[in-house]
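Chemist: Chain by chain, the residues run as shown.
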Amino acid sequence: MSMNKSDSDHLLVATGISKSFGRVEALAPLNMTISQGERVALAGPSGSGKTTLLYLLAGIIQPDAGELLLAGQNLARQRPGKEKAGLVGLIHQQYDLVPHLPVLHNVLAGRLGQWSLFRSMISLVWPQDRQVAEEALAQMGIADKIHERTSHLSGGEQQRVAIARLMVQGSRVILADEPVSSLDPVRADDMLEILTALAGGSGRALVASIHSPRLMRKHFTRVIGLREGHLEFDIPAAEVTDRVFERLYDLDQSEAAVWGGGN
Amino acid sequence: MGGRELKLLESRRLLTLLLAGVFLWSLSTVDWRGPIIHTGGLAAFLDFLASLFPPELSPGFLGLALSASWQTLAYAVAGITLAVLIGFPLGVIASGSVSGSIRTGLGLAVAVRLILAAMRSIHELVWAVLFVAAFGLSSLTVILALALPYSGILGRIYGELFNQVPEGPLRALRASGASPFRVLLYGRLPMALPDMLGYTFYRLECAIRSAAIMSFVGIRGLGYEIQLSLHDLLFDQVWTLLLFMVGMVVLVDMWSSRVRRSLVS
Ligand SMILES: Nc1ncnc2c1ncn2[C@@H]1O[C@H](COP(=O)(O)OP(=O)(O)OP(=O)(O)O)[C@@H](O)[C@H]1O
Ligand SMILES: [Mg+2]
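Protein chains in written order, with my numbering: chain E, 195 to 457; chain C, 25 to 289.
Be aware that one or more of the hints could be misleading.
What the hints assert, rightly or not - Only part of the chain C face toward chain E is listed, based on derived beta-carbon distances under 10 Å: (1) L48; (2) G192; (3) A196; (4) V207.
To be verified - Derived Cβ-Cβ restraints for the label pairs, each shown as a range: (5) C:L217 - E:R313: 20 to 28 Å; (6) C:W279 - E:M315: 50 to 58 Å; (7) E:M315 - C:D256: 53 to 61 Å; (8) C:Y226 - E:R408: 49 to 57 Å; (9) E:Q322 - C:M278: 49 to 57 Å; (10) E:V380 - C:T40: 54 to 62 Å.
Claimed, not checked - Sample of chain E residues facing chain C (criterion: CB under 8 Å; computed from the structure): (11) A259; (12) L291; (13) L306.
The hints are simulated quantities; they were obtained by calculation from the structure and are not laboratory data. For clarity, every value in this text was computed on a predicted model and none was experimentally measured. Glycine is no exception: its CB is placed at the ideal position from the N, C-alpha and C atoms.
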């Protein structure tokens with residue numbers, strides 16, 4: 195394939211990726227392309243496959259079929275390491291920090307893909323790259339929590355720790371699974387601004403699952419709608435009217451019967 | 025799915041019935057004709073109880089009890105320390121969580137689990153008999169005899185604890201580019217550590233007990249003194265020694281909860 199301008203803009207190209215768990219088709223074969231500078235919202239009711247898609251993009255689970263290219267490389271099947279960590283980073287629905295470790299080490303875990311094994315080991319005793327972690331925590335406004343045991347932090351603070359870890363990791367594509375589901379509206383806006391800033395700049399992109407059309411229009415450039423593992427729409431955020439949104443989420447009875455029978 | 029669950033339920037019921045049957049059968053093997061409690065023994069037992077008031081408290085004997093306790097405790101601590109050193113790496117391998125290739129990791133894990141099972145299936149006294157033959161009545165004999173079965177126990181438990189930690193944080197570490205060994209260092213180990221420590225301390229209590237009964241193969245210590253005093257029917261001395269034994273276990277228990285508390289805060 196020739197590398198024209200638009201090809202190199204593509205950070206992430208998925209061709210026919212699909213995933214089933216036993217008999218449940220979590221994601222039907224899906225094509226999508228995410229270019230640098232894009233902020234993509236994933237929408238869809240519970241069980242529609244949003245988390246599955248994000249995990250596939252993050253390389254945490256492998257697709258049953260199809261191909262996934264990250265910055266032109268097929269890294270999806272590679273072992274974890276520096277390259278992949280530098281390309282995609284994921285912030286989870288439950289922030290998934292190690293509760294027993296001090297905040298500092300949870301943030302520095304973002305470096306584990308880059309550090310040598312030896313460095314990873316001694317960092318537990320003499321923290322390495324400490325300044326990077328301090329700066330990230332300061333940006334998140336929780337610099338004073340650096341030595342606190344992570345389980346002692348509030349949910350909102352833990353989310354900030356998880357984002358600080360993502361900052362330290364420095365990946366180009368930021369994936370976020372329901373980053374605002376437990377936040378009040380004001381904090382939700384703050385959080386999305388932080389993520390937008392993190393995924394801003396050249397060569398970067400953001401993909402996040404979101405349930406509010408207001409937040410989609412305000413913070414995202416594009417919206418992908420999923421239902422029962424199938425792509426429903428892939429449209430610019432400005433086109434997400436409440437009607438489009440309701441149709442994605444509110445199945446009336448006859449439609450539900452069709453979808454249920456289709457499985 | 026439903027069918028399989030039903031089958032499982034049925035086989036579980038079958039197993040319960042089978043076990044109940046075995047229990048009933050085992051009752052029939054007991055000889056119920058004679059008295060279950062030996063009547064002459066009762067008087068001896070009451071005699072033994074009475075000598076608790078008071079136990080032997082002469083300074084000379086307390087000194088002896090203290091040094092015997094110290095010796096037993098030292099054996100137990102040394103044995104458990106060695107068991108931790110052996111059991112930890114074996115537990116890591118047994119958990120099957122740190123190999124790059126799943127195939128070799130699983131093969132190794134099965135092999136190590138077999139070794140661990142072999143180590144703990146042989147009682148510490150049996151190991152002691154073997155080691156006495158090799159090294160004589162030395163400290164090395166006791167420490168090795170304790171360390172081997174306890175490595176088997178600790179290794180197995182450590183391996184299980186490594187695998188029982190929540191998956192979410194591990195997944196997040198992998199997503200940050202961490203290799204399996206780094207996931208162990210930053211995820212499995214810190215999350216499993218409180219339970220590992222608690223369990224190791226509990227096993228230290230057991231090891232004190234085990235170190236004491238090493239007297240059966242002629243090793244000095246608290247058990248040895250108990251045996252001597254029992255032999256001479258000096259029950260007040262036996263009581264003193266037993267109280268020291270209990271005291272040691274209580275001390276270890278207190279130490280354990282202090283360590284764990286400091287870990288949490
Ligand atoms: N590890 C798994 N094992 C079995 N089934 C799974 C697994 N992960 C997801 N599924 C199934 O795949 C489907 C899609 O799940 P997924 O978690 O992607 O949905 P979601 O859109 O993230 O839902 P939610 O909004 O509730 O988080 C569901 O039917 C779910 O039960
Ligand atoms: Mg989800």
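Chemist: Does each hint hold? Answer for all of them.
Modeler: How the hints compare with the structure:
For L48 of chain C, the interface hint is violated, since its Cβ never comes within 10 Å of a Cβ in chain E; the closest pair sits about 42 Å apart. The interface hint given for G192 of chain C holds, since its Cβ lies 4 Å from the closest Cβ of chain E, which is under the 10 Å cut-off. Because the beta carbon of A196 of chain C sits about 4 Å from the nearest beta carbon in chain E, less than 10 Å, this interface hint is met. For V207 of chain C, the suggested interface contact is upheld, since its CB lies about 8 Å from the closest CB of chain E, less than 10 Å.
Between L217 of chain C and R313 of chain E the beta carbon distance is about 21 Å. The supplied range of 20 to 28 Å therefore holds. Look at W279 of chain C against M315 of chain E: about 28 Å separates their beta carbons, and that is not inside 50 to 58 Å. For M315 of chain E and D256 of chain C, the hinted distance range of 53 to 61 Å is satisfied, since their beta carbons lie about 56 Å from each other. A hinted range of 49 to 57 Å holds for the C-beta pair Y226 of chain C and R408 of chain E, which are about 55 Å apart.
Separation of Q322 of chain E from M278 of chain C is about 37 Å and departs from the stated range, judged on CB atoms against 49 to 57 Å. Separation of V380 of chain E from T40 of chain C is about 57 Å and conforms to the stated range, judged on CB atoms against 54 to 62 Å. A distance limit of 8 Å between C-beta atoms decides the matter here; for A259 of chain E the minimum to chain C is near 21 Å, and the interface restraint is violated. Because the closest C-beta pair between L291 of chain E and chain C is about 6 Å apart, less than 8 Å, the hint holds.
Satisfaction of the interface hint for L306 of chain E is found here, the shortest Cβ-Cβ separation to chain C being roughly 4 Å, below the 8 Å cut-off.
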